[in-house]
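Asks: These are the residues of each chain, in order.
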Amino acid sequence: MGAFDRERLAMLVQPDRVHRSVYADPALFELEMERVFGRAWLVLGHESQVARAGDYFTSRMGREPVLITRNESNAIVVLINRCAHRGAMVCAEGRGSAERFVCPYHGWSYDGSGALKAVPFASSYQKEQLKDLRLRPVPRVAVYRGFIFASLAAQGPSLEEFLGPAKASFDDLVDRAPGGELEVAGGVFKHAYHGNWKLMLENHLDGAHPAWVHASSVAVARGAPDPGAPGAERYSDIAVRQMRQNGAPDAVWEAIGMWTTRYGHGYMGDYHSDDRLVAGMGNPAFDEYRNLLIQDRGEKEADRILRVTLWNTIVYPNCSFMSQFRQLRIVHPVAVDRSVVTTYSLRMKKAPARMFRDTVAFANVVNGTGSWVLTDDLEVYERLQRGLASGAVEWVYVGRGHGGDVEEPGGARRGANGTSEIYVRAQMRAWLDYMAAA
Amino acid sequence: MTVEEFLYREARLLDTGELEAWLELFTEDATYWVPLERSQKDPFETSSLIYDDRALLELRVKQARHPRAHARQPLARTVHQVGNVVVTNESKDEALVHSTLTLVEWRNEKQRVWGAHVEQRQRR
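Protein sequence lines correspond, in order, to chains A and B.
Quick note: to get the working numbering, add 97 to the position in the first sequence (first position is 1).
Quick note: to get the working numbering, add 7 to the position in the second sequence (first position is 1).
I should point out that these hints are in silico values taken from the structure, not numbers from a laboratory.
Careful, some of the hints might be misleading.
Only pairs whose alpha carbons sit at most 25 Å apart, straight line, appear in this in silico BS3-like list of lysine-lysine [to be verified]:
hint, chain 1, residue 1, chain 2, residue 2
1, A, 287, B, 48
2, A, 224, A, 214
3, A, 397, A, 228
4, A, 397, A, 224
5, A, 214, A, 228
6, A, 447, B, 48
7, A, 397, A, 287
8, A, 224, A, 447
9, B, 117, A, 287
10, A, 228, A, 287
11, A, 397, A, 447
12, A, 446, B, 48
Partial pick of chain B residues on the chain A-facing surface, computed with a CB cut under 7 Å [as the list claims (entries may be wrong)]:
hint, residue
13, 25
14, 56
15, 61
16, 75
17, 76
Yeah, the Cβ is synthetic: ideal placement off N, Cα and C, and Gly gets one too.
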């Protein structure tokens, strides 16, 4: 690894510029799998995906195929999905429920904690040969407010320390649900793009891009019929509202908050108000929902919760979520120029059914694989990757708002304004910390 | 026009980029649905790749014509190959038409092939 010693890595990430190789060099990508995805806490999913013992789903942590399940003692377990015998992936990709995980190659079977339970032709082994063989557990697993995290590193900051001020954003997501009860529901979108994994994490906090990337959907939404009055909304209204708001004036984008943390997380204030976007005050379903929240938390606390207006949150290095419509995306790096994204919707279990219908309608048009908002983003990621592959020009400039950052109590750092590129700088600083650590 | 001729006409309008004329094939109460999950029954509790009412379908076509529609300018060059046409329910006013679609798409120097089971309610 002499090629990428600390000094060399530090050259790549400077205060207001980043070297293109951070996005385009396959050797750096390999090192990232080991040092970023092999060290950080990664978001894997939500407890509701493994509600009962035996439930499981598969995912990836960097290059590692993993299996997330709930064992016989009701504990959440994350296992490397690789047979101790000849190395096959034991569990096919997907989700389901199983008492035993049985390898398709020779039938070695494991319980929900990864212990080896049965081996065909067992008499050909001596007992002690098998005693250390098992599905290897991922060293650290932790849950914050129902969201499952794991780290491939045995040592490192606790999950709470890692999240830091970004805990407030998870709290906002969960507190909005009456009883704090959320579940993954409504199907999982999956899409891929020919671009580096960082491009998505940067884009989701970028208030300067919608006016350009989404100009076409903004323009047609402006020409669409106005959304219906509260209680008389049409299916298409959520899409029209979101697209119109992507064309908010520069002053709106500048005025929102933009916060970052030392581990590279970031979250932005909202650029909507409820009456512009969601079925808000005056809508019968929203009123019913608010009443449920009041019953649960009291009026004062319910109003405080609903007044928190955060939009996208990035949990570096693999997750992006948003509270109002309860969308969560996980980016899986596949190659330096290839990424796969899974998109989940979360349902508030006790809220009126209409609230989840709004979530589904929003997901389809804005985040879904066939969305004409998302696909314009993906087209631009691919163009970025092609531009960054050019060796003729070396640097990416991330200086917007540089020098204006404000340290806030609690450890967050706030951008000079809502379009400050502080979020890229924070992600890059975290990247360097992971990459250059011994 | 027979049910087959309708399907061929639809395919040709798409392959020749006549999106506005294609849109005119849809009645005001039409829905264009591409489910996300196999055997998906419901478009409101589960997401869809596309679930457009007529209003959204029209916006989708308009968006594709906008000069900054990055993912659609230029439009993909396509061949919509329709086959296996079966009518399972026919009344005086309406026919339920099943067909298969092989869609070959060329865009950004990449060729992609898609297969689809298509179900149309064709109204006379």
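Asks: Is residue 397 (chain A) close enough to residue 447 (chain A), meaning Cα to Cα at most 25 Å?
Replies: Given that 25 Å is the threshold and the Cα spacing comes to 20 Å, the pair holds.
Asks: Compare the distance between the alpha carbons of residue 287 (chain A) and residue 48 (chain B) with 25 Å, and conclude whether the hinted pair is satisfied.
Replies: OK: residue 287 (chain A) and residue 48 (chain B) at ~20 Å, within 25 Å.
Asks: Is the Cα-Cα distance between residue 117 (chain B) and residue 287 (chain A) 25 Å or less?
Replies: It holds: about 20 Å lies between the C-alpha atoms, which stays within 25 Å.
Asks: Are residue 75 (chain B) and chain A close enough, Cβ to Cβ, to be under 7 Å, as the hint says?
Replies: Because about 4 Å separates residue 75 (chain B) from the closest Cβ in chain A, which is inside the 7 Å limit, the hint holds.
Asks: Straight-line Cα separation of residue 447 (chain A) and residue 48 (chain B) no greater than 25 Å?
Replies: holds, 23 Å
Asks: Does residue 61 (chain B) hold up as a contact with chain A if the rule is Cβ-Cβ below 7 Å?
Replies: Hint on residue 61 (chain B): violated, closest Cβ of chain A at ~9 Å, above 7 Å.
Asks: What's the verdict on residue 224 (chain A) and residue 214 (chain A), does the C-alpha distance respect the 25 Å limit or exceed it?
Replies: Given that 25 Å is the threshold and the Cα spacing comes to 12 Å, the pair holds.
Asks: Does residue 287 (chain A) sit within 25 Å of residue 228 (chain A), going by the straight-line distance between their CA atoms?
Replies: violated, 39 Å
Asks: Can residue 76 (chain B) be said to touch chain A, with a Cβ gap under 7 Å?
Replies: holds, 4 Å
Asks: Hinted pair, alpha-carbon criterion (25 Å max): residue 446 (chain A), residue 48 (chain B). Please report holds or violated.
Replies: Holds, because 21 Å separates the two Cα atoms, which is no more than 25 Å.
Asks: Could you grab the alpha-carbon distance between residue 214 (chain A) and residue 228 (chain A) and see if it respects the 25 Å cut-off?
Replies: Roughly 11 Å separates the two Cα atoms, so the pair holds.
Asks: Restraint: residue 56 (chain B) near chain A, CB-CB cut 7 Å. Satisfied or not?
Replies: holds, 4 Å
Taken one by one, the earlier hints fail for this structure at numbers 3, 4, 7, 8, 10, 13, 15, listed in ascending order.
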